[in-house]
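Chains P and L, in that order, are what the protein sequence lines are.
Per the working numbering: the first sequence = residues 1 to 203.
Per the working numbering: the second sequence = residues 1 to 204.
Treat the hints as calculated values from the structure; they're not laboratory data.
None of the values given here were measured: they were computed from a predicted structure.
Check each hint, because a few of them may be wrong.
Stated by the list, open to error - List of simulated lysine-lysine pairs, DSS-like, C-alpha gap at most 27 Å:
#  : chain 1 : residue 1 : chain 2 : residue 2
1  : L       : Lys132    : P       : Lys70
2  : L       : Lys40     : P       : Lys70
3  : P       : Lys73     : L       : Lys177
4  : L       : Lys179    : P       : Lys73
5  : L       : Lys149    : P       : Lys70
6  : L       : Lys91     : P       : Lys70
7  : P       : Lys139    : P       : Lys89
8  : P       : Lys49     : L       : Lys40
9  : L       : Lys90     : P       : Lys70
10 : P       : Lys58     : L       : Lys105
11 : P       : Lys23     : L       : Lys118
12 : P       : Lys73     : L       : Lys105
13 : P       : Lys51     : L       : Lys105
14 : L       : Lys40     : P       : Lys58
15 : P       : Lys49     : L       : Lys105
16 : P       : Lys21     : L       : Lys118
17 : P       : Lys70     : L       : Lys179
18 : P       : Lys51     : L       : Lys106
19 : P       : Lys73     : L       : Lys40
20 : P       : Lys58     : L       : Lys106
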Amino acid sequence: MKILTVLLTLTIAMTAGQYDKVKITPDMAYIYVYHKGKAVKVHRIQDTKHKITGEYAKIYRPGKDIQPIKMHKDVQTIGEVELLQFMTKKVNKKKGLLVDLRTKAAYKKESIPSAVNIPARVKDNPVKIEKILKVLGAKRNADGTLDTSKVLEVAFYCNGLWCDKSSDFIKTFLDLGYPADKIRYYRGGMQMWKILGFTTVTN
Amino acid sequence: MKLLYLAAFAISTLIVNANRVEIVEGMPYVEVEANGKTYKIERTQEAGAYLTNTFALTSRPSPPFFIEPFHVDDGVETFGELEVLDFISKKRGVFIDARLANWYKKSAIPSAVNIPFKIFLSDTPERTKTLKELGGEGSGVSWNFENAKTILLYCNGAWCGQSPTAIHALIEIGYPKSKMKYYRGGMQSWQLLGLTTIVPEVKK
């Protein structure tokens, strides 16, 4: 029994400070989210010499307009701290969905933990959109209008500050009658997530 | 035939000179003025350019570095790059680099003036002078900011607390929230988009 207690104390002591070198906020070193049924620890890379490399370190982006800070006056833009809160308070409790709008291939390679993939071009497919709305809790009334009184909150992201997929997709959602106050826009996207050293998952 | 060559040459020159990477479609660059100089702000045209300098670092040690919330305060608007460019090109107020001077000296966003955040934290002659320059009337801890200028502050990026700290200090002494804007992306997002930075001429 004594040995067990010692072991337990040791384990706690060893893991407690594991992500304290590079924390998220003063009171948050990591959070747990569910990704495809499995708990994933989301933290930041602890190597203070680590630099972003690869696709998301690219700064040459021809044909990619810088996106405004707000895509619609009533849709909230969020940063990483708010996204993490969304994950723990909404996604983990099945009250919200985090949607990755990038291509299937990009999502497969890596994504933000707890995100599901809806490639942005799906917005041109009314059948698929109708299915997605249903999954989100919207109901089609007999007169064709959309009952959104019980819909989930949705946060969207794509490649980054220069990616217009999120605003395009959100516009489609707004046009369909999805309430603006149930939508969040993580403008930083994959690129900001990665440059801040956050955990990603492969799918 | 000569004419054809000439035309071809003219067109090729146009293509070479045109920005392939625009800020947004139809806006290849923005001009800003500061200290009697005009600066052209554009995005990198260098094919295959990557961020490799210290702003490519993902993991700054905490403390002091943490991820800043999207909003400093409910009443203070957060800006992105397009809003910053509009603010500085149309001279809507004072654009403040709130970092310590050693950061600013290395590289900054064109037209920004350096007012290190520490100046705002305590009642000093330096703060009084700065607040007066920004249009405040008063002294010490008692100020009237009715005629104060709108200010836009930035620092190193989403992991930098210098501009949020300055904004909090200014809120405390009554600077109107509606007259303060926060560019959270800072130097890191600016460079991640390949936007122009300069080595400012620091007055001695």
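Outcome of the hint check:
1. The suggested pairing of Lys132 (chain L) with Lys70 (chain P) is violated, with an alpha-carbon distance near 33 Å, which exceeds 27 Å.
2. The straight-line distance between the Cα atoms of Lys40 (chain L) and Lys70 (chain P) is roughly 25 Å, inside the 27 Å bound, and the hint therefore holds.
3. For the given pair, Lys73 (chain P) sits about 19 Å from Lys177 (chain L) by alpha-carbon distance, which is consistent with the 27 Å threshold.
4. The suggested pairing of Lys179 (chain L) with Lys73 (chain P) holds, with an alpha-carbon distance near 19 Å, which does not exceed 27 Å.
5. Between Lys149 (chain L) and Lys70 (chain P) the alpha-carbon distance is near 24 Å, which keeps this suggested pair within the 27 Å criterion.
6. At roughly 21 Å between alpha-carbon atoms, Lys91 (chain L) and Lys70 (chain P) fall within 27 Å of each other, so this suggested pair holds.
7. Proposed proximity of Lys139 (chain P) and Lys89 (chain P) is supported: the alpha carbons are some 24 Å apart, at most 27 Å.
8. Proximity of Lys49 (chain P) to Lys40 (chain L) is assessed by CA-CA distance (about 33 Å); at most 27 Å being required, the pair is judged violated.
9. Under the criterion of a C-alpha separation no larger than 27 Å, the hint pairing Lys90 (chain L) with Lys70 (chain P) is consistent with the structure, at around 20 Å.
10. Taking the CA atoms of Lys58 (chain P) and Lys105 (chain L), the gap is near 25 Å; set against the 27 Å cutoff, the hint holds.
11. This hinted pair checks out: Lys23 (chain P) and Lys118 (chain L) have alpha carbons roughly 24 Å apart, not beyond 27 Å.
12. For the given pair, Lys73 (chain P) sits about 37 Å from Lys105 (chain L) by alpha-carbon distance, which is inconsistent with the 27 Å threshold.
13. Straight-line distance between C-alpha atoms of Lys51 (chain P) and Lys105 (chain L) comes to about 23 Å, which keeps the hinted pair within the 27 Å bound.
14. Restraint check for Lys40 (chain L) and Lys58 (chain P): satisfied, since their Cα atoms lie roughly 22 Å apart, inside the 27 Å limit.
15. This hinted pair checks out: Lys49 (chain P) and Lys105 (chain L) have alpha carbons roughly 23 Å apart, not beyond 27 Å.
16. This hinted pair checks out: Lys21 (chain P) and Lys118 (chain L) have alpha carbons roughly 25 Å apart, not beyond 27 Å.
17. Annotation: proposed proximity of Lys70 (chain P) to Lys179 (chain L) holds, straight-line Cα distance about 19 Å (limit 27 Å).
18. Between Lys51 (chain P) and Lys106 (chain L), the direct Cα distance comes to roughly 20 Å. Compliance with the 27 Å bound is thereby established for this hinted pair.
19. A C-alpha spacing of about 30 Å is found between Lys73 (chain P) and Lys40 (chain L), which places the hinted pair above 27 Å, so the restraint is violated.
20. For a cut-off of 27 Å, the pair hint linking Lys58 (chain P) to Lys106 (chain L) stands: about 22 Å separates their Cα positions.
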